[in-house]
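Line order of the protein sequences matches chains A and B. What the first sequence shows, in my numbering, is residues 4 to 364, in sequence order. What the second sequence shows, in my numbering, is residues 14 to 426, in sequence order.
Misleading hints may appear alongside valid ones.
Covered stretches of chain A, going by a simulated chain B footprint (3 or more residues, C-beta under 8 angstroms) [as the list claims (entries may be wrong)]: (1) 21–32; (2) 39–53; (3) 325–335.
Residues of chain A clear of chain B, computed beta-carbon distances all greater than 12 angstroms [stated by the list, open to error]: (4) I11; (5) I81; (6) E84; (7) G89; (8) Q122; (9) Y158; (10) L161; (11) L351.
Worth flagging that the hints you see were computed from the coordinates, not collected in a lab. As the structure is a prediction and not an experimental result, all values here were calculated from the model. Cβ coordinates follow ideal geometry from the N, Cα and C atoms, glycine included.
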Amino acid sequence: MNYLPVLIALIKAVLMVAVVVVIAAYAVLAERKIAGWIQGRYGPNRTAFPVIGYIPILGKMLTRLGVFQPVADGLKFIFKEDPIPGHVNLVYYFLAPCVAFIPAMTTMAVLPFGEMDGQPLVLANLDIGMLFLLAVSSLGVYGIILAGWSANSKYPFLGGIRGSAQMISYELAMGLSILPAFLWANAPGSETGMSLFNVVQSQDQLWMVIWQPLSALIFLVALFAETNRLPFDMPEAETELVAGYNTEYGSMKFGLFFVAEYTHIVIGSGVLTVLFLGGWNFFPGLPSPWPGGWVGGVLSTLWFLLKVFTVVFFFMWIRWTLPRFRYDQVMRLGWTVLLPLALANLVLNAIFIALFDNWFV
Amino acid sequence: MANQVKEVSIGDVVNRSVEFEEDLKGEIMNINVGPSHPSTHGVLRLKVELDGEAVVKVEPVVGYLHRGDEKIAENMTYNQFIPYTDRLDYIAPLANNVAYVLAVEKLAGLEVPPRCQAIRLICCELARISSHLLGVGVYGMDTGALTVFMYTFTEREKLYTLFEQLTGARFTTSYTRIGGLARDLPEGWLGNVLNFLNQFEPVVEEIDKLLTRNRIFYDRTVGVGAISKEEAISYGITGPNLRASGVAYDLRKSNPYCGYEQYDFDVPVGSKGDCYDRWLVRMEEIRQSVRIVRQAINQIPDGPWYAEEAKKIYAPPKSKVLSSMEELIQNFMLVTEGPQMPAGEVYFEAENPKGSLGFYIVSKGGGVPYRLKIRAPSFCNLSILPQLLKGCMVADIPVVLGSIDFVLGECDR
Chain A
4 MNYLPVLIAL
14 IKAVLMVAVV
24 VVIAAYAVLA
34 ERKIAGWIQG
44 RYGPNRTAFP
54 VIGYIPILGK
64 MLTRLGVFQP
74 VADGLKFIFK
84 EDPIPGHVNL
94 VYYFLAPCVA
104 FIPAMTTMAV
114 LPFGEMDGQP
124 LVLANLDIGM
134 LFLLAVSSLG
144 VYGIILAGWS
154 ANSKYPFLGG
164 IRGSAQMISY
174 ELAMGLSILP
184 AFLWANAPGS
194 ETGMSLFNVV
204 QSQDQLWMVI
214 WQPLSALIFL
224 VALFAETNRL
234 PFDMPEAETE
244 LVAGYNTEYG
254 SMKFGLFFVA
264 EYTHIVIGSG
274 VLTVLFLGGW
284 NFFPGLPSPW
294 PGGWVGGVLS
304 TLWFLLKVFT
314 VVFFFMWIRW
324 TLPRFRYDQV
334 MRLGWTVLLP
344 LALANLVLNA
354 IFIALFDNWF
364 V
Chain B
14 MANQVKEVSI
24 GDVVNRSVEF
34 EEDLKGEIMN
44 INVGPSHPST
54 HGVLRLKVEL
64 DGEAVVKVEP
74 VVGYLHRGDE
84 KIAENMTYNQ
94 FIPYTDRLDY
104 IAPLANNVAY
114 VLAVEKLAGL
124 EVPPRCQAIR
134 LICCELARIS
144 SHLLGVGVYG
154 MDTGALTVFM
164 YTFTEREKLY
174 TLFEQLTGAR
184 FTTSYTRIGG
194 LARDLPEGWL
204 GNVLNFLNQF
214 EPVVEEIDKL
224 LTRNRIFYDR
234 TVGVGAISKE
244 EAISYGITGP
254 NLRASGVAYD
264 LRKSNPYCGY
274 EQYDFDVPVG
284 SKGDCYDRWL
294 VRMEEIRQSV
304 RIVRQAINQI
314 PDGPWYAEEA
324 KKIYAPPKSK
334 VLSSMEELIQ
344 NFMLVTEGPQ
354 MPAGEVYFEA
364 ENPKGSLGFY
374 IVSKGGGVPY
384 RLKIRAPSFC
394 NLSILPQLLK
404 GCMVADIPVV
414 LGSIDFVLGE
424 CDR
């Protein structure tokens, strides 16, 4: 039996996880730097790394940029004392961070991030990519519920309830908002299915955000709610619930929640880019100039990452600008505005396609 | 026999269904907000009863910061108590200093020279700006807008630098003395204040742009925690909170002190008394304070900055103490026995940033008060919390607390 393909897949997976975790860690740094920029202060600029930090000009520059801060943060998470309150339900208390972290990491398997010689750069090019992504990412809510429930404490409990209600409500609007994109990507009669790679390819001429701005907007709002970012950060609203569902967590268990949240943001931005911003397509109407071979692969990946980081920046920009919704307002927005809007959008698109499909084929 | 068994089983079913319905209603959860909680700004503790996300009952517990300031005052001379007034409303120590010495001067029947009055007035208004900046910044933070907080704190930092130039301390200023001030204005200080005001006004507009017309902020605050006119008066609420409820009561207009009557300013008044009105009133008061300070700087009088003729109250300048016998004795007496006050009772209220800060002083003569009572506006403003928060959501608690803008140092005394 030939083990080589398995081994290669394994190496790829480990690489991918490593890259995404590093991106998530640096997203934390970016958040702090962007917060500093918006609020008129510096952000982290003191953490120096031995040896590299003391190289005359370069070391100082990197220190000022806070490049070593994520390393310090990670070490701090690992080496801090890990207090376990006596009143927790131990099994679920330990399970919750894993349940939050694993789905966040798993979703990246089906997310294509580049193109090489017409083949997608992706861990698993599933036909049902989008379904898999929705299914797995919606498991993340169990992390919050379990964390809130197992802590046997009141603030986490409130945070857990809020989080579960919010994420379940917004999943509906999110699911409905991506369907029009797939309706258009799959011209009648084609057999592309729910593969994310084909969605990107179908946007060669026109990015979906231009064609489907309403779907993109609903998806974006739902994404904010799904990733628990301000203005939708109900589960951990710090001025109300202290730290929400992770109040009783410390050390690396808290770190896992933290990394999971930022991974969600990065992957969510990736999905938004793939579905609505044309993935690694150069510009709407222009053919992608990526050459063949690995150079094209790298270039398209970089272009894709650039778009992702722009979306991530948008996430942070919003967080440090807007106030937070109230819990009932979040629910009202989800059920009475976004859901009917997404439904109407889907139905109208479907009717439109049914009536005029001959124009496009 | 068979009948009896049947009855029991029916009873069980009924009981179980009752239990089930009780269970559907859920139970009331008791939760402690504070004494150390991100949104209670100090050590306020709220005993909250929650029905899901709805607040059923709130009981504020104050006193975690009680230091016995009123009792302390009985054991020291009038001047020695001034540093303690810094620690009442520690967001606006200068205004407390002024309010306290004005009360003692009212007891002594002393009138300070115009320059001293003008300087005190500038201090009061700068303190008001500083306090309201913290008020709106923290209010913004409580609704989730963290950036506004940083903007206001950047400005407060500049104000602290001004206070440091004026008094030598950033936080605990202790600037006033009975019958005058600790020292005259430093050279060029008024220019620095003007420079600050010039760059400060655009920042106020920026804060305004960020939150006042922000839809989320609007939804969070309009109609939340509304205090009617009658309620506000019956609970003894004062300051911006009272004016937000539609009562145009401002001691600076109704009982002017420090020469407030010479300056031209408006008293902003709200209409509904909800959190949004309280925000608007504070924002407008900041602008009005800027207006007052500008006028005061433009027409600041020259002349003495302490009551020279009050020899038993205000210590002479150090240069004279070191060179002249009479002043040396005067200084010695003042330091050892305190400023000499007539016997009597006096109550004085000043319009502080948080509301009317009142001092009730009973004197039996001599340099030490017999009894000193502080009317703390924060304490009275907080008294309405149980009624205000009933029926709110959990998320409204920080918003209402932020909009009331209290300081526990003053509340607990």
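Outcome of the hint check:
no. : hint    : in the structure
1   : 21–32   : violated (count 0)
2   : 39–53   : holds (count 4)
3   : 325–335 : holds (count 8)
4   : I11     : 46 angstroms, holds
5   : I81     : 26 angstroms, holds
6   : E84     : 20 angstroms, holds
7   : G89     : 18 angstroms, holds
8   : Q122    : 44 angstroms, holds
9   : Y158    : 8 angstroms, violated
10  : L161    : 7 angstroms, violated
11  : L351    : 26 angstroms, holds
Figure legend: structure checked against the earlier numbered hints; hints not met, in rising order: 1, 9 and 10.
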